[in-house]
Structures are given as C-alpha cells and as structure tokens.
Amino acid sequence: MIDIDKIRNFSIIAHIDHGKSTLSDRLLEATGALGDREKRDQFMDKMELEQERGVTIKAQTARLNYKAKDGKEYILNLIDTPGHVDFSYEVSRSLSACEGAVLVVDASQGVEAQTLAHLYTAMDVGLEIVPVLNKIDLPSADPERVKAEIEDICAIDASEAVLTSAKQGIGIVDVLESVVKNVPPPKGDRNKPLKALTFDSWYDPYRGVVVQIRVYEGYIKKGMKIKFMATGKEFEVDSVGAFAPFAKEIMELGPGEVGYFSASIKEVRDTSTGDTVTGAEKSADKPLPGYKSVKPMVFSGLYPIDSVQYEPLKDAMEKLRLNDSSFTYEPETSTALGFGFRCGFLGLFHMEIIQERLEREYHLELITTAPTVVYKVTKNNGDVLMVENPSKLPPTQMIEKIEEPYILATIHLPSEFLGSIIGLCEEKRGKQRKIDYITTTRVVIEYELPLNEVVMDFYDKLKTLSKGYASMDYEYFDYEAGKLVKLDILINGESVDALSLIVPKERAYYKGREIAAKMKKIIHRQMFEIAIQAAIGTKVIARESVKALRKNVTAKCYGGDITRKRKLLEKQKEGKKRMKQVGRVELPQEAFLTVLKVD
Amino acid sequence: MRVRGRKVEEDNLEARGFSLYLHVPFCISKCLYCDFYSVPLASLPEPDKAIESYPKLLIKEFSKLQKSYDLEPYGEIKSIFFGGGTPTLLSPDGIEHILKELKTMVGVKDDIEVTIEANPDTVSEDKLKGFIEAGVNRLSMGVQSLNEESLKTLGRCHTKERAVAAFHEARAAGFTNISIDLIYGTPGESIEEFRETLEKAAKLKAEHLSLYALTLEEGTLLKKKVELNEVTMPPEEDDLEKLRVASTLLPKSDLTRYEISNFSTPCHQCIHNLNYWGRGSYIGLGPSSHSFLSKVGSWGRRWWNKKDLAEYTKAIENIEENNLQIEGFEDITKESAALERLMLGLRLTEGISIAGFKKEFDVEPSTVLSNFSKLMELGYLEVSGDTLRLTRGGMEFHDEVF
Chain L
1 MIDIDKIRNF
11 SIIAHIDHGK
21 STLSDRLLEA
31 TGALGDREKR
41 DQFMDKMELE
51 QERGVTIKAQ
61 TARLNYKAKD
71 GKEYILNLID
81 TPGHVDFSYE
91 VSRSLSACEG
101 AVLVVDASQG
111 VEAQTLAHLY
121 TAMDVGLEIV
131 PVLNKIDLPS
141 ADPERVKAEI
151 EDICAIDASE
161 AVLTSAKQGI
171 GIVDVLESVV
181 KNVPPPKGDR
191 NKPLKALTFD
201 SWYDPYRGVV
211 VQIRVYEGYI
221 KKGMKIKFMA
231 TGKEFEVDSV
241 GAFAPFAKEI
251 MELGPGEVGY
261 FSASIKEVRD
271 TSTGDTVTGA
281 EKSADKPLPG
291 YKSVKPMVFS
301 GLYPIDSVQY
311 EPLKDAMEKL
321 RLNDSSFTYE
331 PETSTALGFG
341 FRCGFLGLFH
351 MEIIQERLER
361 EYHLELITTA
371 PTVVYKVTKN
381 NGDVLMVENP
391 SKLPPTQMIE
401 KIEEPYILAT
411 IHLPSEFLGS
421 IIGLCEEKRG
431 KQRKIDYITT
441 TRVVIEYELP
451 LNEVVMDFYD
461 KLKTLSKGYA
471 SMDYEYFDYE
481 AGKLVKLDIL
491 INGESVDALS
501 LIVPKERAYY
511 KGREIAAKMK
521 KIIHRQMFEI
531 AIQAAIGTKV
541 IARESVKALR
551 KNVTAKCYGG
561 DITRKRKLLE
571 KQKEGKKRMK
581 QVGRVELPQE
591 AFLTVLKVD
Chain X
600 MRVRGRKVEE
610 DNLEARGFSL
620 YLHVPFCISK
630 CLYCDFYSVP
640 LASLPEPDKA
650 IESYPKLLIK
660 EFSKLQKSYD
670 LEPYGEIKSI
680 FFGGGTPTLL
690 SPDGIEHILK
700 ELKTMVGVKD
710 DIEVTIEANP
720 DTVSEDKLKG
730 FIEAGVNRLS
740 MGVQSLNEES
750 LKTLGRCHTK
760 ERAVAAFHEA
770 RAAGFTNISI
780 DLIYGTPGES
790 IEEFRETLEK
800 AAKLKAEHLS
810 LYALTLEEGT
820 LLKKKVELNE
830 VTMPPEEDDL
840 EKLRVASTLL
850 PKSDLTRYEI
860 SNFSTPCHQC
870 IHNLNYWGRG
880 SYIGLGPSSH
890 SFLSKVGSWG
900 RRWWNKKDLA
910 EYTKAIENIE
920 ENNLQIEGFE
930 DITKESAALE
940 RLMLGLRLTE
950 GISIAGFKKE
960 FDVEPSTVLS
970 NFSKLMELGY
980 LEVSGDTLRL
990 TRGGMEFHDE
1000 VF
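Residue numbers (my numbering), protein chains in the order written: chain L, 1 to 599; chain X, 600 to 1001.
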C-alpha cells in the first residue's frame, strides 16, 4: 500500500515548442524511469504521428519514483497534456486528474495565448502552479523580464520560478523538488467505496478496452467487480497497472493514484471518458463531477476510396472515438463519393490528425471533403435548419437568411507583427474588439471572426505572418447573419455534391474562378474534353476546360520485356481505383481538397 | 488467332513451339534515343576479340538453360531473332556458328523465320550474302528516317543515302523478306518531312514496316536534351496527323497495319513478334534479354538477364561452377496473365477471341479492363461476334484501356 502523502499528481502546461516534451523526457531520465536502452527523444509523444508533427495529441501518463532531498521516496505521476489549440478539451481532462501543474514558459519568448488558456483551466480546477522558465541557455533568454510577464499576465508568483534548460539537462532536479514541495498530495479514503475518474481509454486487441483512471476514493484491484456509473455496465477487473512509463501490472491502485485497468471490455460504447468507475458491490452514492462535453466545430465528409472499406472505416472510427469523444461521425451519402460519414472535429488540425490516424493505424484510404462549419438557415416558412453539409442547403428562393458561427479569438503577438496580423483578421472578415499592450513589445488583440475563415488556414497564416511568434486561443461566440451563397462545381455539366461550398457572396466570383483554375491543373487529360464550371444557382460564374487527350499508346513492348509494361499498367489500374467517377470523368482524390486550398 | 494472310490454328499459340531471341550488345555508337542495352565498340579494350568470342557465349548460355529447363514440352523453335545493339557487327561466320550449334542442340527447321537487325552502316552486299548463307532469311533494317536532319537529331551514324543503298544491297544479296524500322515524331520533323520519308520508304517495297512514335526513355541523351530545351518534341496533334498519313499511304504499297506499330504485305507478318503478342514462350540469350516460359508454374515464368556485358561474359565463362546470374524473375499470377493476354492481344488489329479468353481465365475480358464501357461508348473498343478489338481510333488509346 502506498502512503498517499507521498503521491504527487501533476501536468505540464506549455506552449508548442516551449520544450514540454523534452522536459518530460528529462524528468523520466532523472528518476530512472527511462533507461538508456529505452531512451528515445521525446518519449512522452508516443504516437508515431506525434513524433512526426512534434506536438502531443493524446494525453500520456508516467509514474516516476523519486527519492527527494528530504530522503523520502515519492511517487510522481506525470500526466502529459496536448499542446495544440484544437485540443483544449483534452487538456481540461488531464488537468482534472492532478493537484498541480508545472507551467513551462520559454525564457525568451514569454507567455503565449494558448499557455494562458490552459493555465486558466488549471487555475479553475484549483491546481497549484509551479512556474518553470525553460531554455535559459539561449542567448536571448531574459528570465527577469519573463518572470515579470508571468506575474503580470498570469497573476501568479513567479519569484521562485525554477530555471531550466531541458535540452542541456539544467535544473531538472529542481523541478522535481519543486513539485514535491509545492504540489499538495491528493486526499482520499481507502476504506470508502471506489470512486475513480476515467480520463482516457483505448482499444487494445489483446486486452479489450484499456481505461486510464485517477482514483479518488477506495481502491481497485484484479478480480474486483466494477461498474461504470453513467452506463451502469459491470465488469470484472482482469488487470491493474501503471505506466512507468511502460505499462506494468501492479497489485492495486489506491486513493490518489493514477493508472489503468482492463476488464475484458469488448464494446467501445460501454466506457466513456469522464465517467466514474465504482465498485459493483460497494458503490459510491454519487459520481464525480464529469467533463463538459465539447461540441465539434468543423465538419467534413470522410469517404473510403474503395467502397469495401466502408465497414472497416466505421469500426475504426468507433475505436478512435473511444478515446476522443470530441470527434463525431454520422453516415452520409454523396452522389459523387458514395457511402461515407459526415464527421465533426474540434478544428482543422484535429481533422487532419484523425484522417491520418485512420489511414495509418487502420490502413484505410480516404477522401476528405472540404471542411465546413454548421450554418443556421432560416427558411421562408420560419423553419430553422442546422446545415453541416453545403450540398444540403435548401434552394436560394426558400431561404430567409443564413447565419454562420463566429468565434472570439485572442491573439498574443509581438507588436512588430501587429500590422500584418490585423490585416489578416480584416481579410478574414474579422471585427476588432480590442487591442491591449501588455508590455511595450507584446500585444493582445481580440477579434470576432467567422469560424469558417478560421478553420481553413487562419492558424497557418497567423504563424507565417508572425514568423511563428503569434499564438491564438479562441472560444465559440455566436451566430451572425451573413451574405452567404452556395457555390457549386460542375464537371461536364454535372454538379458534384462533394465539391459544393458556402461562401460569402462578395468572394464567390473570385473563389469560383480560383477553384475552376486549380481543378484544371489537377484533373488529368482524358479521352474527351472536360468542362469545369463554377456556378451560383443556375448562373455559371467561371469556366475552364481540360483538353482531350489525343493519344496514349506505347509504341512497342521492348524486346520481350512484357513485365515492365504490365507493371506500369497494373500501377495505372491501381491509380484508377483511387479515382472517383463523376459521369465519365475520373476525378483524383486531391480534387476534393482543392476547394480547401483556395483563399 | 488468325492473322490476315497467314492461317494459324485457333489453339493456344504457346502450344506450338517457342522463339529464340539473341541479344548482341555491341554498337558503333549510342543513338541518342536508344535505351536498349548496348556497348559502343570503342569503349571495349579488345573489341575484335569480344565480337569473335560472343557467339560461343550465347551457345554456352543456351546449353545451360537446356539443363535448367525442360524445353521438350514447348516443341520446336519457330523463330530466331538477332537483335541489339547492332547484330550485324557479328560476322556471318559467327551467325553461322550459332545457327549450326543450335541445330545440333535442339533441332531447327530450315524454313523457320530467322531475322537479323541491321544498321545500314555495318553491312555490304557481300556481308549480307554471308548472313543468308549462314541461314538468316529476314532482315530488319534500322532506317529510322530518310530525312538528314532527323537522322542527326536521333544520333544515327548513317546518312539517308546510305540507308537506301543498304536496302538495295540487301535485295541484291538475295533477301526476299525485309523489314524497315521508321521513327516518327523526332524533334524538328514536320508533317511534310515525314511524308517524304514515308514515300521514299514505300518506294523501297519492303515486305514489312515498323513505325514507332519516338518515345523519350529515361536515361537517354535525347531526353536530357528535351529537358534542357535544346530540342522540342513536336505536338501530339502532329503525331496523330503523321499516323493518319501513314495509314493512308502505306496500304497503297500493299502494307497493311496488323499491329499498333507494324505493317506488312500479305504473309509477311513478323512471326517472332506475333509470338510475343500471343503470349508465346521465348528464350532470350545475352545480357539484358528477357525470357518467358509459359509452362513453368501455373501461368508461366518470366526472367531477365543483367545489363552488363562484362559480368555476363564472366558468368558464362565459368558457367560450370556458377549458376546463371539473372537480374530478376517473376512467376506470373492468373490476374497478371489475364492482363498480359489483353495488353498484348489488343495490340493486334485482329483483337482477341472473347470465348478463348473466357475459357482461359473464367472471366469476361471486360472485368479486367477498367475503362471498358467508356471505350465502348466512345467507339474506341468494339465487339464483333467473338472478337474484342480496338478500333482504328482506339489504337491510339491502347494504354487507356487498362
């Protein structure tokens, strides 16, 4: 049994690139959790995708055994949090399993908008904050200025902030000591009925669903019967363990502890993140406060390229949803793409991640349609529709008004980029709310922006225009009416539903022309001329054509080398399978993303 | 399969005999467009010796193959083809040696087609007579163009006059079955210039004519020149127009199209190439050559030799100890075999037998072709009776069928 006073549960809050993953790795090494053999840079970013993109997507945990300077052995549970603006929800989930948070701020760049958003969440759930200034080895580091900034913006005492360079391994032990000293131990009674919060779960082909929990009261051990309070489903626990950082079975998890259990749970639906686990026989009377459910903001169609992958896609999405409840899906049909799903995401980045995970981890080949937001459409007869697929928009003459969702964006940036960022916000139909100079060189601006503009490429542009220094956080704001029209794309006279999109009227002509021109480049020449048109209602506003292919023949099969030629044709056949037929025309996969790539 | 003017039984072609391809990897200089494996003589330390000893290597390789594969089920040799490179760089004695040895090893009937490819610069009436005496009965002359500029652009070492003269020398030597190769679509070639080439070629009254559109192959100097914008490929429209000119002009000289790139007078189709298009078996000897035996495994095996003369020579010289060093092989699957059957068969104006295909593969040809219905609608593919074939327009879209 573990002494609850020796447990510390904490998260790390940081902006992307401020060194959170490196710091996590150093903490693991310093406590011997990661031997040289297992050492791999940025261990905490387990998923292949995360390593590639350099951001944390899913929360991960690690149990660290640490002998502190007071001579006592502590168990430090590090619960890693995602760093991208799309994943605020995951952050709040991870944070509520902790008593403290290490706030990592880049000693030269200072506080960023996202860090702030996560910090406020942490303070909301009452966590103790341990400030850390990282990258102090950089020549541009200015700890005193950044300390002042933290105190100024975050309203926390930064005088005792730990100075580190995770990269150089400086100050790592100081962080551990500060966690032991400042983060309060959890509270809980082992003799009470089990009460544990599920904060993550995933499907394991050998063990069924693996549920990650934080125990508040009681304990959980192998052989015990447990119950999920929301679903009422009961299971017998067949293993209990902790990540140290690799999964390791242990006897039990007591109050204040963080770990996982499996219970031969086959159905993904039987568990839900934020649910409370209790004993089947000795039950808690009421569940822990759960999480607020987050609503997806961006929708797009996901279609298997090969229709036989429809069922596997459905299964894969069900499994993904298990540990990402912010992702939603519903079956839909497209005349161009066949059977697929309309999926909801937190943002564009979230969408890309899900798509890539489906393709890589489940070996599916998908077509993604252009992302869209949910429009509120009021019909002439007073009916109100929520439209999340442009092709479902009623005919113009039946529409009274179309409203689109707005967000309130908070952007932190060095003042030198103010002009270009304001330009960007104006271009994206933004309405300025305020400009604040936090210091002489740092500005916070607030803009009301149509979400539709933000989901496309706003974030990328913001980063480009500010050389990576601007950061943004946003919250859903309101619906506002706009002059919006549906833009249809016609291929040889046939409207392609999966290519329709809703655009501001004054931009429709430009967009129509741009899309038609881009499509012309993407569609390969075929045995006949292909007409590409952009239209609003029945009015054609742009037209391009792809000239007919005049010939495609190999002069001869060289000296009996049939293999080479046949392999080329086999490859071509494979390529054609990935094409979508619209009438006689073959459309490549990218065509469906073209609409996304037009400003 | 039935080819106009030549009655062939409907049965599987491969059931009756196999072909032999002998690759002669020497040339005087590398033509700019050529990606066949060949070595310019000047680059060899002892070119004369290499040429002299080469026939023996081919025979040695064949005898090794005879030991590795049971050729009995394939029957007799039905055609022999000396290709290259420039096989006319070998002496008539060398060719004679090869044919004689083959006769003792496997039995070669006197009346089978024996072709040698010739470069106009490497032949004389005497030498050509020597080839006939050695047993060659068909000559494939690499004329390519009868326009001086085009010949230069292609990097051919002969003049147009030399090409015409070589043709007459072949006739005088006694060749009664001559094919000429022409290339169209050379950078800078106008439609008018091509028409002249074609008219001059037609006047020669060859029995067979191969007409290839110039293809830019990876790694060739011509491709590099095009990429560097030193020369420009003519527009596709010109190619089509040239082909139209050819298909009107050539029949007037009794040359009928029987395959995408091949025209012949009655009874003079190339047996050797028909064997390729009919998925027949063949054995290729020499570096870079390809082989196919239809009865290995369920659907046949293809293999190919390395493109390296030095390695080849070494391997064959030590053949008793070493196994043949092939570059690769593949055992054909049913799906691939079906695709091959169509890809090769649809090159012929005769097309393929639908019933024959179904009998062989248990599926309709349309299930293998990804653009079947589209090509039918467009009139590029047609079914008449039991025959599936590309129409004249469809021939230009052969690669689109799959």
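Keep in mind the hints are simulated off the structure, nothing from the lab. Remember, predicted model here, so these are calculated numbers, not experimental data. No residue lacks a Cβ here, since even glycine has one placed at the ideal position from N, Cα and C. One or more of the hints may lead you astray.
Unchecked claim - For the chain X half of the interface with chain L, some residues (derived, Cβ under 8 Å), not all of them:
hint	residue
1	SER642
2	GLU645
3	MET942
4	PHE971
5	LYS973
6	GLU999
Unchecked claim - The calculated lysine-lysine pairs, modelled on BS3-like cross-linking and capped at a C-alpha distance of 25 Å, are:
hint	chain 1	residue 1	chain 2	residue 2
7	X	LYS822	L	LYS551
8	L	LYS227	L	LYS167
9	L	LYS565	X	LYS973
10	L	LYS577	X	LYS973
11	L	LYS576	X	LYS905
12	L	LYS565	X	LYS751
13	L	LYS521	X	LYS933
14	L	LYS556	X	LYS906
15	L	LYS576	X	LYS973
16	X	LYS702	L	LYS556
17	L	LYS577	X	LYS822
18	L	LYS567	L	LYS520
19	L	LYS565	X	LYS629
20	X	LYS822	L	LYS565
21	L	LYS567	X	LYS973
22	X	LYS933	L	LYS571
23	X	LYS906	L	LYS567
24	L	LYS520	X	LYS973
25	X	LYS913	L	LYS556
26	X	LYS957	L	LYS571
27	X	LYS726	L	LYS556
28	L	LYS556	X	LYS905
Stated by the list, open to error - Simulated coverage check for chain X against chain L, where a stretch passes if three residues somewhere in it have a Cβ under 8 Å from a Cβ of chain L:
hint	segment
29	646 to 658
30	685 to 694
31	932 to 940
Taking the hints in turn, this is what the structure says about them:
| no. | hint | verdict |
| --- | --- | --- |
| 1 | SER642 | violated (21 Å) |
| 2 | GLU645 | violated (26 Å) |
| 3 | MET942 | holds (6 Å) |
| 4 | PHE971 | violated (12 Å) |
| 5 | LYS973 | holds (6 Å) |
| 6 | GLU999 | holds (5 Å) |
| 7 | X/LYS822 - L/LYS551 | holds (20 Å) |
| 8 | L/LYS227 - L/LYS167 | violated (44 Å) |
| 9 | L/LYS565 - X/LYS973 | holds (22 Å) |
| 10 | L/LYS577 - X/LYS973 | holds (15 Å) |
| 11 | L/LYS576 - X/LYS905 | violated (32 Å) |
| 12 | L/LYS565 - X/LYS751 | violated (29 Å) |
| 13 | L/LYS521 - X/LYS933 | violated (37 Å) |
| 14 | L/LYS556 - X/LYS906 | holds (20 Å) |
| 15 | L/LYS576 - X/LYS973 | holds (13 Å) |
| 16 | X/LYS702 - L/LYS556 | violated (30 Å) |
| 17 | L/LYS577 - X/LYS822 | violated (31 Å) |
| 18 | L/LYS567 - L/LYS520 | violated (28 Å) |
| 19 | L/LYS565 - X/LYS629 | holds (24 Å) |
| 20 | X/LYS822 - L/LYS565 | holds (19 Å) |
| 21 | L/LYS567 - X/LYS973 | holds (22 Å) |
| 22 | X/LYS933 - L/LYS571 | holds (17 Å) |
| 23 | X/LYS906 - L/LYS567 | holds (19 Å) |
| 24 | L/LYS520 - X/LYS973 | holds (21 Å) |
| 25 | X/LYS913 - L/LYS556 | violated (31 Å) |
| 26 | X/LYS957 - L/LYS571 | holds (24 Å) |
| 27 | X/LYS726 - L/LYS556 | violated (29 Å) |
| 28 | L/LYS556 - X/LYS905 | holds (21 Å) |
| 29 | 646 to 658 | violated (count 0) |
| 30 | 685 to 694 | violated (count 0) |
| 31 | 932 to 940 | holds (count 3) |
In this structure, the earlier hints numbered 1, 2, 4, 8, 11, 12, 13, 16, 17, 18, 25, 27, 29 and 30 are contradicted, and the remaining ones agree with it.
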